[in-house]
Amino acid sequence: MLDQPQVPVSQRTNPERSFKEEVRALRLGEGDVFRGEGILAVTKAILQAGVSYVGGYQGAPVSHLVDVLVESQDLLDELGVHLETCTNESSAAALLGASINYPIRGCVTWKSIVGTNVAADALSNLASPGVIGGALIVVGEDYGEGASVIQERTQAYALKSSVWLMDPRPALPTIVNCTEKAFELSEATNTPVMMELRIRACHVTGEFVAKDNKPPAISRNARLAQPALHNYDRISHPPSTYAHEKLKVDVRQPAAERFIVEHGLNEFFAGDRSDLGIIVQGGITNVLMRGLDRLEVEGRIPTLVLNVTHPLVGDQIADFCKGKRAVLIVEEGAPDYIEQAIHALLRKRDIGTKIYGKDVLPMAGEYTAEVVTEGLLKFLTLSANDIDLSGPRARFEAAKAGRAEAQKLLGGPLPLRPPGFCVGCPERPVFSAIKLLEREVGKVHISSDIGCHSFATLAPFNLGNSILGFGMSLAAAGAVAPVMQKRTISVMGDGGFWHNGLLSGVASSMFNRGDRVLVIMQNGYTSATGAQFIPNTSGNRRDGETTSDIAATLKAMGVKWLRTIRTYNVATMLGSLREAMNTKEPGLKVIVADGECQLARQRRVRPQIAAQLKRGERVVRTRYGVDDEVCTGDHSCIRLSGCPSLVVKPSPDPLRTDPVASVNNGCVGCGLCGEVADAAVLCPSFYKADIVQNATWWDRLVWRLRSTVIGALAHG
Amino acid sequence: MGALGGDGGGVLCDWIVAAAHSHGLGVQATQIPGVAQRTGATTYYLEVMPAAGPRASVLALNPAIGEVDVALATELLEAGRMIFNGFVTPDRTTLIASTHRVLAISERAAMGDGSFDVGRLLRAVQERSKAQILFDMDQAAEESGGVINAVLLGALAGSGRLPIPDTAFEAAIREGGKAVDTNLAAFAFGRGHARGELDQAVREHRKRQTAAQGVEDLIERARNSFPASSLDIVEEGIRRLRVYQDGKYAALYLDRLEGIDPLLVREVARHLAVRMSFEDVIRVAQAKTSRERLERVRTEVRAKLHEPLEITEHFKPGNEEIAAILPPAAARWLMARRKFNVSMHVRSTTIWGFARLRFLASLRWWRPHTYRYIEEQAEIERWLASIKAAQSLSPDLAREIAELARLVKGYGDTYARGLGNYRRISAEVIAPALAGKMVPRVAADAVANARVAALADPDGESLSRTLAAIAA
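Chains as they are written, first to last, in our numbering: chain A, -17 to 698; chain B, 107 to 578.
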């Protein structure tokens, strides 16, 4: 890679991920059948609801909402919808401020809980004055298996800011209906509405009957002549805020409860056991139904599905519980806000129904099929011992016993597959260099961040002492550095830098004369979430002008010690790290580790190379290899690189048993393995192979000459 | 369904959904796509209604233990993971999985062989599922020119476990519109394997014998001296050392094996040959200039027949490597200097580059005079002496001492670390054992434990802990 040209950061462009199918689905009209994933259904639904603007900050599992719209510029232009690809969630939440003064609908999206945390300030200031145009926040509830963030509930924000929270049953028609109703609910109650979708709900497949997209009445195609009249009531400042607080509880919440009932947002599934009941979050319904089916009681127990989990409708809950002996609340995650609220609600109305919930279901952790089945068994045993569960129980217990047996057979836990850097990732060499640095200076406190580079905290690098949030790594070392003999190293991506790191980290460190090292991974995209544009990418989605350069920004902020280095050069990277750690110069030392995201690069160059080959042009393909005769099977190279294409294979040597290293065909020729073998003085097994495709006559001539001479010289 | 990032699990999922849908069956799928592109595990869950009917059933988003009809895995460990999690059960589940392994990072990073026991995986696969369709789908994908997901789809179709006809699957592939021909070919391959219409030639892992001439007498001598069960190794050792040095050296090899317990000859012969052909610059140059090497590289990097190839070797010799080929006095002087390393990228496909390597390789006549040679021979003699001394105490202990040679391998720091560990164990466990301070059986276990510990982590923490425990 070192000798291969790379595109400078200012020219890196969108690596052409294609959402052609998805874009087409957004154009479906009245009566057409939409087929696709949950999150795309939401995207279609907001266009059907006539939004004037959309915004958001990417993050699994909701990235697609904005990603697909980015590629639907024609459609957005026709409808007059403004799309803002925000630099963080705070900015996205503030975007909804447009609906405070103007009767326009807007939708923003982000990953929760983390995104909601970042957005919290703007969210409070939005919720207080409230909105006159429908405001919807679609949050990806990143909870349970596959989640990448701390396990907390978005519900807490809904409660404290008096924002309504929808948790629709994961079926496309329900999700779409909730999305459309959310805008109406928002307008009817002057309150922003959040809708949470768990990972599986975002990716669930299904279909619904589409409607035409609705061009908004006020939009970039139909602009207002005048701004809104000044109205202090719309400003979240005292004394308005005192009035807002009262409005929330006296007016908005009762209005919301009426709306929920009138529009039938919560669903009721009937059952013949009128003495029992289950109240479930909409998002957990499918798991519950599966459990009931397994216990052969599906369709027997009346069930209230809360597609809106805040506010709860007091009368609806009370009516449901009245006359029942026992009701089970199926509410995922801690704290048990819904259960507590229902307890209080029934107590105040003197309804004596026995409530089960977190006593038969676990307080923490994902409600999987097994967990819910287990809870249902306990609930039914305690509350309805007339139902014969012996058959299903025996089958369930047998499955669990079988699993224990299988685990015994496998003999302990299986090797994990933690996520790691891609083949040829430009971030990997930085951590190889840090590993080598630690050989020289000993262990260093490493403050990690959110992004692909957080994979360095896993095998084989195992580097990193803390993660405090997106763009927070420099700030997180603020009080570590002063008590440490050695300087600390903070690692941050360019995504994190623009999201938060610039102000929370760099400005604060400069202001406090921090003496720390910061490594900024500059690849030009927020890559872990799907290579979205950021301010130092070549332009934004619409033009090719680079907005902001990181090095220039740092200089303007007064950073004196600044190096920009191609990451693949491990020796240079090591040298710079060594200097940053040891220099007498005080203050913040920043290394901008520059390397184009390899996924993006491959998407860019593969079609180019294929075209060149087709035209018969000379193309040199580079890849690396290991001489299996020279490799002795220690695997230091793997521990210092972890490249997925650096694998092991059985030794071809009849005298050796340890498997040897091998480079597989996934190799993109980045050269890190050779660099590391070099910088760490590992072994002479690595070689680089340049294969000349569509060779010229000169290439062939030289080759023929060389192979003849070499053939004559070779021994053995 | 379990897959690895990059296996195309998402596309496979879409194919099944499209096929079920076109056949009028209710279907729902969801996924946990994982984070990483290549290394992470990804999981998918689908429910398909058994027959066309009124819609609007609530389908689940999570698999339930004991309630899975078909489990698909693109890799064997991922099949094992589904079994481990209880989703594959002998009363119900058909397991369709590829038998190839893609090692997880902890398996690859081990200092020796860290791979999970495939035997255990296969046994669990056989015992814990109702029916199995197992073959190397990675190889099948390669042979068909397609991607593994299409092979797996074919195997699913071939299993007959879904109420969906082949044509619906094929239509789904066509509708997908990408790489249709190769995907259809891979699909047909997978289906053929699942129905037992195709046999897969298991690719054997081949060991390469050294080609050597003029070793007939030595081989004859070996045949008269050592048990038949050890001869493949001993003969390879002879050939190896003949090429490495000369016939005299190969004869020395046989001399050294004399007096080894017949039960131990095979293991000792294996390690002895490796130790005697230690890796110095000359040996590396020999390997890189051998006649077969260029062809091997061409195959490995998949260069086509007429494509010119340029190879650049990554060398970084330092004082240790240079000292290794100097006479002892000069070597000691050089090793006392400040440590240095010179980065050398030698283009071994150029005439000049190759000639330089060939020159180094031709220095083998000089090898017996080098510092490293003399050191190694002394180390080997000590090792053999302790094996022979241990034989009378306990064959197990002798075997473990022989096996300890595994630690001494590699280059530079790796070699130094391995040798250091080897010497530590020799001094702290083997020496006391041979002096009669330990029960031989206990000593054999102690050496084995120490060896495992030395290979557990590169920092030597496990070894220190283990040695402390042995001493206590």
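Fair warning: there could be bad hints in the mix.
One side of the interface only, derived from the structure: several residues of chain A facing chain B at Cβ under 8 Å [to be verified]:
#1 272
#2 350
#3 541
#4 620
#5 637
Cβ-Cβ distance ranges computed for the label pairs, FRET-style [to be verified]:
#6 A:544 - B:428: 46 to 56 Å
#7 B:401 - A:57: 52 to 62 Å
#8 A:631 - B:501: 25 to 35 Å
#9 A:694 - B:369: 20 to 30 Å
It should be emphasised that the hints constitute simulated quantities derived from the structure, not laboratory data. Keep in mind that this is a model prediction, so the values were computed, not measured. Ideal placement from N, C-alpha and C gives every residue a C-beta, glycine not left out.
Structure-based check of each hint:
no.: 1; hint: 272; verdict: holds, 4 Å
no.: 2; hint: 350; verdict: holds, 5 Å
no.: 3; hint: 541; verdict: violated, 31 Å
no.: 4; hint: 620; verdict: holds, 5 Å
no.: 5; hint: 637; verdict: holds, 5 Å
no.: 6; hint: A:544 - B:428: 46 to 56 Å; verdict: violated, 39 Å
no.: 7; hint: B:401 - A:57: 52 to 62 Å; verdict: holds, 56 Å
no.: 8; hint: A:631 - B:501: 25 to 35 Å; verdict: holds, 33 Å
no.: 9; hint: A:694 - B:369: 20 to 30 Å; verdict: violated, 47 Å
Hints 3, 6, 9 from the list above are not met by this structure, while the remaining hints are.
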